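2 protein chains.
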Amino acid sequence: MRVPFGEVQEVLRSVLLTRGCPEDLAEQVAREMATNSLEGVYSHGVNRFYWLIRNIDRGWVNVQGRPVLVERFAALERYDGQMGLGVPNALFCMDRAVELAREYGIGLVALRNTNHWMRAATYGLRACAQGLAAICFTNTFPNMPAWGGADPRLGNNPLMLAFPGPEGPVVVDMAMSQFSYGALELAKLDGRQMPLPAGYDEQGELTTDPEQVLKTMRILPMGYWKGSALALLLDLFAAAFSAGNSTAMIGRKYGGDAAVSQVFIAIDYTRIVPPDRAGEIAQEILADLLASEPLEEGGRVVYPGQRRRAVREENLRLGIPVHERVWRKILSLGG
Amino acid sequence: MRVPFGEVQEVLRSVLLTRGCPEDLAEQVAREMATNSLEGVYSHGVNRFYWLIRNIDRGWVNVQGRPVLVERFAALERYDGQMGLGVPNALFCMDRAVELAREYGIGLVALRNTNHWMRAATYGLRACAQGLAAICFTNTFPNMPAWGGADPRLGNNPLMLAFPGPEGPVVVDMAMSQFSYGALELAKLDGRQMPLPAGYDEQGELTTDPEQVLKTMRILPMGYWKGSALALLLDLFAAAFSAGNSTAMIGRKYGGDAAVSQVFIAIDYTRIVPPDRAGEIAQEILADLLASEPLEEGGRVVYPGQRRRAVREENLRLGIPVHERVWRKILSLGG
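As they're listed, the protein sequences go chains U and H. Add 127 to the 1-based position in the first sequence for this note's numbering, that's all there is to it. Add 127 to the 1-based position in the second sequence for this note's numbering, that's all there is to it.
The hints are simulated quantities; they were obtained by calculation from the structure and are not laboratory data. All of these numbers come straight from a predicted model, not from anything done at the bench. Among these hints, one or two may not hold up.
What the hints assert, rightly or not - Partner residues aside, some chain U positions facing chain H, computed with beta carbon under 10 Å:
#, residue
1, Val-138
2, Arg-205
3, Ala-237
4, Asp-278
5, Ala-289
6, Asp-362
7, Asn-372
8, Arg-379
9, Gly-383
10, Arg-398
11, Ala-409
12, Val-428
As the list claims (entries may be wrong) - Calculated Cβ distances over 12 Å to all of chain H for the following chain U residues:
#, residue
13, Arg-158
14, Arg-185
15, Gln-191
16, Glu-204
17, Leu-313
18, Asp-336
19, Trp-352
20, Gly-382
21, Val-438
Here a beta-carbon is modelled for each residue, glycine too, at the ideal position from N, C-alpha and C.
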């Protein structure tokens with residue numbers, strides 16, 4: 128079924144209000160989660176909302192929490208997220224990083240005790256809208272074995288890089304696992320297999336079955352040892368810069384995604400490069416990529432973020448595709 | 128055969144001097160390239176030296192070139208590398224980023240018109256030795272097809288993250304291809320197949336044969352679409368921040384690795400986090416990782432950089448393993 132964007136947003140907002148969420152925060156969460164589905168990132172939009180409310184109801188999320196400054200030094204700031212809603216906390220910190228970058232050329236904000244930010248690209252798009260490039264990452268609870276390991280010790284710690292390209296933001300938003308858990312959940316809902324092995328089943332064999340991997344949590348790191356190593360470094364950075372929980376600590380304290388640590392870096396590169404020159408360079412890079420000879424006949428190479436606008440327009444026109452079962456569950460939350 | 132570290136360093140230095148290289152730069156290049164082999168990164172040490180001298184001899188490297196400041200704004204600086212030697216240029220820029228980070232908490236230096244920096248980890252180790260974390264990346268000439276593409280349009284743009292861990296630096300240094308070209312060349316020298324498909328052969332089939340992939344340059348991105356997307360963003364960042372060459376421009380102008388663009392970010396996180404606390408967090412993260420249940424009996428999970436010291440000590444004691452053919456070629460360069 129398809130539900131109009133405005134209706135999705137309004138339903139999410141009203142459910143959040145029943146949980147004691149302040150108006151402004153409910154507005155932000157509803158807008159961003161509805162936007163994620165609108166732009167085709169179904170795994171981190173409407174499909175994640177029931178999970179968010181469950182985390183609020185079990186006391187993992189403090190809907191009144193807002194970031195509190197703990198420490199600052201020039202272009203660095205460190206906040207405690209007060210266990211608040213992940214989306215408003217992250218929007219706040221990205222905006223602070225942008226302000227620091229306006230002043231110092233680059234700004235870094237570290238945030239601890241926050242919750243799932245949903246879609247990493249949200250914060251890159253936010254920085255790009257202000258003309259800045261961004262690098263953000265978060266840790267998660269232990270949901271991925273290290274390379275050579277059998278038990279989940281690493282998070283699949285998403286990493287996001289965004290650049291304000293000549294025809295809209297170019298954004299890479301990637302979990303350190305070959306597939307994100309959101310993508311596995313979506314495939315399970317759709318009854319699809321993954322196109323490549325996603326992890327190990329209970330017999331220790333590689334499998335493309337999302338349900339098996341969701342059960343074992345023995346997901347494959349992207350690029351094998353590479354995703355494993357990068358996930359470790361992102362955890363070290365996020366936990367140490369924020370003096371917050373590491374993946375291991377989150378696992379021990381919660382056994383799920385809560386009280387995570389995040390880092391937001393904004394770069395106002397136009398302070399050292401004429402914006403026109405940077406734009407020309409980006410234009411040329413993207414044009415060259417798009418001129419790729421396709422591997423398969425009739426295929427086409429696209430850049431990350433390129434299809435966002437088209438999907439957005441289609442879903443605005445036709446409504447957001449929502450699984451009926453998911454939507455019924457959300458309506459049952461009261462709002 | 129094995130050659131003592133001091134002898135390797137001295138031979139490289141004396142060859143560089145015959146090419147008109149100033150004493151201090153020859154010293155830096157010889158030290159770092161010998162150290163790369165010493166620490167087991169054979170692909171970017173002695174094995175790359177003949178290639179470097181060839182690039183000097185064909186006029187791609189200006190051995191007298193040193194970075195010139197083009198633009199600065201607070202914590203950002205932009206340099207032109209004057210087509211100089213990649214290693215000294217990159218050491219200089221990493222040191223500048225560290226100095227900026229001392230002043231602003233974080234510093235970013237963008238460098239254009241420089242040459243291959245050899246081993247990305249070199250610069251992370253340099254920042255870690257001063258107690259700072261670092262993120263560095265470089266673009267390269269087009270040597271990897273984009274995901275879904277058949278012709279090389281992207282660089283395999285190495286990315287490096289380093290954190291000064293409690294028992295020495297933890298460093299991830301990874302090309303955006305599943306295997307670096309250095310690793311392919313080394314396997315070819317050793318007559319080994321790669322452990323996983325590395326790219327496509329001339330028939331368009333996936334292959335583990337390094338020689339085939341070196342021929343077609345149709346190397347697989349790490350994590351398929353993920354490495355492809357990340358490589359694109361690193362190129363956008365490196366070329367736009369430095370107002371330098373993009374991968375496509377390098378390909379058009381040189382058809383090989385020359386006049387590349389690089390970015391160096393240093394983070395003095397101890398300005399906002401007590402160093403003891405950060406150290407405890409890192410200690411706990413690494414201990415938890417090392418406690419992984421091994422996937423294979425008798426296996427062991429290690430963290431990136433963990434084996435560096437042991438390899439270094441062994442090679443200091445026994446000499447650096449060098450292919451006789453490679454060593455003879457270097458000796459033939461005159462020095």
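Taking each numbered hint in turn, which are not upheld by the structure, reported in ascending numerical order? Per hint list: 1, 9, 16, 19 violated.
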